[in-house]
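Number of protein chains: 2
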Amino acid sequence: MSGGRLDRFPVSDAARAQADRILQHLSHELRQPLSSIESIAYYLEMVLANAGEEVLDRCAELRRLVEESSWLLDNASLSMRVGEAEVASVPAAGILERLAAQMALREERNIELVVEPGVPEVMAPSSVAAQFFDHLLKFFRCVAQCADPLRVTLRREHGSVRLAIQANVGPQPGEFRKTLDPPPCGNGVRRFMEAAGGSLSFEQGEESLKAVLLFQPGEKPA
Amino acid sequence: MSGGRLDRFPVSDAARAQADRILQHLSHELRQPLSSIESIAYYLEMVLANAGEEVLDRCAELRRLVEESSWLLDNASLSMRVGEAEVASVPAAGILERLAAQMALREERNIELVVEPGVPEVMAPSSVAAQFFDHLLKFFRCVAQCADPLRVTLRREHGSVRLAIQANVGPQPGEFRKTLDPPPCGNGVRRFMEAAGGSLSFEQGEESLKAVLLFQPGEKPA
Numbered sequence: 001m002s003g004g005r006l007d008r009f010p011v012s013d014a015a016r017a018q019a020d021r022i023l024q025h026l027s028h029e030l031r032q033p034l035s036s037i038e039s040i041a042y043y044l045e046m047v048l049a050n051a052g053e054e055v056l057d058r059c060a061e062l063r064r065l066v067e068e069s070s071w072l073l074d075n076a077s078l079s080m081r082v083g084e085a086e087v088a089s090v091p092a093a094g095i096l097e098r099l100a101a102q103m104a105l106r107e108e109r110n111i112e113l114v115v116e117p118g119v120p121e122v123m124a125p126s127s128v129a130a131q132f133f134d135h136l137l138k139f140f141r142c143v144a145q146c147a148d149p150l151r152v153t154l155r156r157e158h159g160s161v162r163l164a165i166q167a168n169v170g171p172q173p174g175e176f177r178k179t180l181d182p183p184p185c186g187n188g189v190r191r192f193m194e195a196a197g198g199s200l201s202f203e204q205g206e207e208s209l210k211a212v213l214l215f216q217p218g219e220k221p222a
Numbered sequence: 001m002s003g004g005r006l007d008r009f010p011v012s013d014a015a016r017a018q019a020d021r022i023l024q025h026l027s028h029e030l031r032q033p034l035s036s037i038e039s040i041a042y043y044l045e046m047v048l049a050n051a052g053e054e055v056l057d058r059c060a061e062l063r064r065l066v067e068e069s070s071w072l073l074d075n076a077s078l079s080m081r082v083g084e085a086e087v088a089s090v091p092a093a094g095i096l097e098r099l100a101a102q103m104a105l106r107e108e109r110n111i112e113l114v115v116e117p118g119v120p121e122v123m124a125p126s127s128v129a130a131q132f133f134d135h136l137l138k139f140f141r142c143v144a145q146c147a148d149p150l151r152v153t154l155r156r157e158h159g160s161v162r163l164a165i166q167a168n169v170g171p172q173p174g175e176f177r178k179t180l181d182p183p184p185c186g187n188g189v190r191r192f193m194e195a196a197g198g199s200l201s202f203e204q205g206e207e208s209l210k211a212v213l214l215f216q217p218g219e220k221p222a
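Heads up: the sequence lines are chains A and B, in that order.
At position 150 of the first sequence (counting the first as 1) the number is 150 in the working numbering, and the numbers step up by one without a gap.
At position 204 of the second sequence (counting the first as 1) the number is 204 in the working numbering, and the numbers step up by one without a gap.
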């Protein structure tokens, strides 16, 4: 892990508030063109239904690119907020179960969540923890091949709590890894894990990507 | 003008550096999906040349939306940097002449720049001044109707230096005004003018938008 610990940057509240305001404003402003791009993609898919597979693929790609852009905006907002959040014991299992249920309900996306019985809570920046887990699942939902399930496991491992998320992402898992954890500095996801005092690593298959997150166990049992 | 003077937010260098890094990173990351969207728009325009005007209009709109998104990214970066720039005497006339020449060269965009002889320099955040004028012209270039020129004038007025930029922007000038100076807080453009100790206002015609910027005269004659 690179040495970019957050506590090297003591940041005043006013500074944070100002930067956060600029970023929030940018996010808000960018939603408009992004949503127009998405609408145009839907429109083109509809009127060009007979234009051939290549054209329809490009329209679907347009929509995926809009989703990716939205994810990047959320990611920057997470980056900005991680530093101000207090690290405390967080019920990761409960949060993941709720998110998986919502995801299954809303999108019929197949998600296989396996939580080891009695797994402890985890230490993490508490005020952004729910946002973080949602953000991480969204990434895999966005890049996973449609028919394939997301495989999520949460269990004890050598005194840590280990969260693994795996999906079949098609032929370029390295590209997606770079989006999730861009060199050299990482972004929202890595910053969150560093603030939590945990670690983030990846395992790449030929068409699959697995993110492995190790947390320090929290104060309470699940 | 709203009371959002920058000096209300004393911001440490470390904080600024951190926020700026997050934003720069976001801009860098977002360029990729945006440029892919632009490429797809070009591709669709090419293969769908016979698909009818409506479809081609939407493809052109896609490209405009990408341009708008890039502009919003630059705008946030300007917002973030205005605060750290020293206010000093800036050769606005020279900068505008250079930008207009570049614009004419690169794009055959018709720009009518009228600079009053002997107009003084202007007080402005100096390290971002060239970026600011470029950014402002880009906005008008992006929203102006193709065949129409941008009209830019720089002259003395009641002890100030007045810069006006006018373009025919089509039926919704109010929408473009909101992008350039969104309520309630404004963004890069307004923050720059506040830091400069100047003012920003607009004149709307039925299909035209004019931005009027008043600067304090700088220390040197042009």
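Keep in mind the hints are simulated off the structure, nothing from the lab.
All values derive from a computational prediction rather than experimental measurement.
All C-beta atoms, glycine included, are put in the ideal place defined by N, C-alpha and C.
Wrong hints could be hidden among the right ones.
[As the list claims (entries may be wrong)] Heads up, incomplete: computed chain B residues facing chain A, CB under 8 Å, no partners named:
| id | residue |
| --- | --- |
| 1 | Ala-19 |
| 2 | Gln-24 |
| 3 | His-25 |
| 4 | Leu-26 |
| 5 | Glu-29 |
| 6 | Pro-33 |
| 7 | Ile-40 |
| 8 | Tyr-43 |
| 9 | Met-46 |
| 10 | Ala-51 |
| 11 | Leu-56 |
| 12 | Arg-58 |
| 13 | Glu-61 |
| 14 | Leu-65 |
| 15 | Ala-76 |
| 16 | Met-80 |
[Said to hold, decoys possible] Restraint ranges, calculated between C-beta atoms of paired labels, are given here:
| id | chain 1 | residue 1 | chain 2 | residue 2 | range |
| --- | --- | --- | --- | --- | --- |
| 17 | A | Asp-20 | B | Gly-170 | 42 to 52 Å |
| 18 | A | Ser-126 | B | Gly-94 | 50 to 60 Å |
| 19 | A | Asp-148 | B | Gln-24 | 42 to 52 Å |
| 20 | A | Arg-141 | B | Leu-56 | 27 to 37 Å |
| 21 | B | Glu-112 | A | Gln-204 | 54 to 64 Å |
| 22 | A | Val-212 | B | Leu-56 | 44 to 54 Å |
| 23 | A | Glu-203 | B | Asp-20 | 50 to 60 Å |
| 24 | B | Asp-57 | A | Glu-61 | 18 to 28 Å |
[As the list claims (entries may be wrong)] Incomplete in silico selection of chain A near chain B, CB under 8 Å:
| id | residue |
| --- | --- |
| 25 | Ile-22 |
| 26 | Ile-95 |
| 27 | Leu-99 |
Status of each hint after checking the structure:
For B:Ala-19, the suggested interface contact is upheld, since its CB lies about 3 Å from the closest CB of chain A, less than 8 Å. Checking B:Gln-24 against chain A by beta carbon gives a least distance of about 10 Å; that is not within 8 Å, so the hint is violated. For the restraint placing B:His-25 at the interface with chain A, the shortest Cβ-Cβ distance is roughly 6 Å, inside the 8 Å limit, so the hint holds. For B:Leu-26, the interface hint holds, the least distance from its beta-carbon to any beta-carbon of chain A being 4 Å, beneath 8 Å.
With its C-beta approaching chain A no nearer than about 5 Å, B:Glu-29 sits inside the 8 Å limit, and its interface hint holds. With a least beta-carbon distance of about 4 Å to chain A, the hint placing B:Pro-33 at the interface is held under the 8 Å criterion. At its closest, the beta carbon of B:Ile-40 sits 5 Å from a beta carbon of chain A; the interface hint therefore holds under the 8 Å criterion. A cut of 8 Å between beta carbons decides the hint on B:Tyr-43: the least distance to chain A is about 6 Å, and the hint holds.
Restraint check, B:Met-46 versus chain A: the minimum CB separation of about 11 Å is more than 8 Å; hint violated. Annotation: B:Ala-51 was flagged as interfacial toward chain A, and the flag holds, the nearest CB pair being 7 Å apart, inside 8 Å. With a cut of 8 Å, the hint placing B:Leu-56 at the interface with chain A is violated, because the nearest CB-to-CB distance is about 11 Å. Because the beta carbon of B:Arg-58 sits about 5 Å from the nearest beta carbon in chain A, less than 8 Å, this interface hint is met.
Of the supplied interface hints, the one on B:Glu-61 holds, with its beta-carbon coming within about 6 Å of a beta-carbon of chain A, less than 8 Å. Given the 8 Å rule on beta carbons, the hint for B:Leu-65 holds: about 4 Å separates it from the nearest Cβ of chain A. Nearest Cβ of chain A to the Cβ of B:Ala-76: about 4 Å, under the 8 Å cut. The hint holds. Interface hint status for B:Met-80: upheld, as the beta-carbon distance to the closest one in chain A is roughly 6 Å, under 8 Å.
For A:Asp-20 paired with B:Gly-170, a C-beta distance near 34 Å fails the hint of 42 to 52 Å. Remark: the range hint 50 to 60 Å for A:Ser-126 to B:Gly-94 is upheld by a beta-carbon distance near 53 Å. Judged by the Cβ atoms, the range 42 to 52 Å given for A:Asp-148 and B:Gln-24 is violated: they are separated by roughly 35 Å. The supplied range of 27 to 37 Å is met by A:Arg-141 and B:Leu-56, whose beta-carbon atoms lie about 33 Å from each other.
About 56 Å separates the C-beta atoms of B:Glu-112 and A:Gln-204, a value consistent with the hinted range of 54 to 64 Å. The hinted window of 44 to 54 Å between A:Val-212 and B:Leu-56 holds, with their beta carbons roughly 48 Å apart. Against the hinted window of 50 to 60 Å, the Cβ-Cβ separation of A:Glu-203 and B:Asp-20 comes to about 34 Å, which falls outside the hint. Range check, B:Asp-57 to A:Glu-61: about 20 Å between beta-carbon atoms, so the 18 to 28 Å window is met.
Satisfaction of the interface hint for A:Ile-22 is found here, the shortest Cβ-Cβ separation to chain B being roughly 5 Å, below the 8 Å cut-off. Below 8 Å, beta-carbon pairs count as interface contacts, and A:Ile-95 has none with chain B, the closest being about 24 Å; its hint is therefore violated. Among the interface hints, the one on A:Leu-99 is violated; its C-beta lies about 24 Å from the nearest C-beta in chain B, farther than the 8 Å criterion.
Against the hints set out earlier in the document, violations occur for numbers 2, 9, 11, 17, 19, 23, 26 and 27.
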